[in-house]
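According to the working numbering, the sequence shown is numbered sequentially starting from 12.
Derived from the structure by calculation, the hints contain no laboratory data.
One or more hints might be untrue.
[Said to hold, decoys possible] Okay, the calculated beta carbon distance ranges per label pair: (1) P95 / I36: 18 to 24 Å; (2) L93 / M47: 33 to 39 Å; (3) R98 / V52: 24 to 30 Å; (4) Y58 / D33: 19 to 25 Å; (5) F67 / I36: 28 to 34 Å; (6) Q40 / G87: 26 to 32 Å; (7) E50 / L71: 35 to 41 Å; (8) L71 / N37: 19 to 25 Å; (9) S29 / A49: 30 to 36 Å; (10) Y58 / K80: 16 to 22 Å; (11) M45 / R105: 20 to 26 Å; (12) K65 / H41: 26 to 32 Å; (13) Q40 / R64: 21 to 27 Å.
Since the model is a prediction, treat every value here as computed from it, not as a measurement.
Where is the CB? At the ideal position from N, CA and C, for every residue including glycine.
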Amino acid sequence: MMTYKKLTSNIFPVSCYSNLEDYHINEEQHAYYMEMRAELVRRLDQYRKEAGRKIFVLELGAGTGLLTKLLAERSGIELTVLEPDERSRLILKRV
Numbered sequence: 012m013m014t015y016k017k018l019t020s021n022i023f024p025v026s027c028y029s030n031l032e033d034y035h036i037n038e039e040q041h042a043y044y045m046e047m048r049a050e051l052v053r054r055l056d057q058y059r060k061e062a063g064r065k066i067f068v069l070e071l072g073a074g075t076g077l078l079t080k081l082l083a084e085r086s087g088i089e090l091t092v093l094e095p096d097e098r099s100r101l102i103l104k105r106v
C-alpha cells in the first residue's frame, strides 16, 4: 500500500515557487481564472439541475481556496476538499 508521503513526494506545490498571499489576492482577477470559474459554475449548475438533487464535489489540490470559496457558497453542493501543501492549507483554512 502506498503511503501518503510516497504519494505526494513527486508533487511540486505552488508554495515552492510563489508568494501564496500575493497569489491568493491577485489570481482571482486573472482573465484565465475568471473564464475557468464561469465555465465551472455553468457546468456544475447544469449537472445539479439534471441530477435534481444535491451533488457531491471532491476538490483535489484546492490550493489557497479561491475555487473552494466559490463552491462552498453555492447551494445544492456537498464539498470535500483536499490540499497536500501545508502552506496552501494555512490560507485555505481562512477561506
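Hints, verified against the model:
no. : hint                   : verdict
1   : P95 / I36: 18 to 24 Å  : holds, 22 Å
2   : L93 / M47: 33 to 39 Å  : violated, 19 Å
3   : R98 / V52: 24 to 30 Å  : holds, 27 Å
4   : Y58 / D33: 19 to 25 Å  : violated, 33 Å
5   : F67 / I36: 28 to 34 Å  : holds, 30 Å
6   : Q40 / G87: 26 to 32 Å  : holds, 27 Å
7   : E50 / L71: 35 to 41 Å  : violated, 18 Å
8   : L71 / N37: 19 to 25 Å  : holds, 23 Å
9   : S29 / A49: 30 to 36 Å  : violated, 24 Å
10  : Y58 / K80: 16 to 22 Å  : holds, 20 Å
11  : M45 / R105: 20 to 26 Å : holds, 22 Å
12  : K65 / H41: 26 to 32 Å  : holds, 30 Å
13  : Q40 / R64: 21 to 27 Å  : violated, 34 Å
Taken one by one, the earlier hints fail for this structure at numbers 2, 4, 7, 9 and 13, listed in ascending order.
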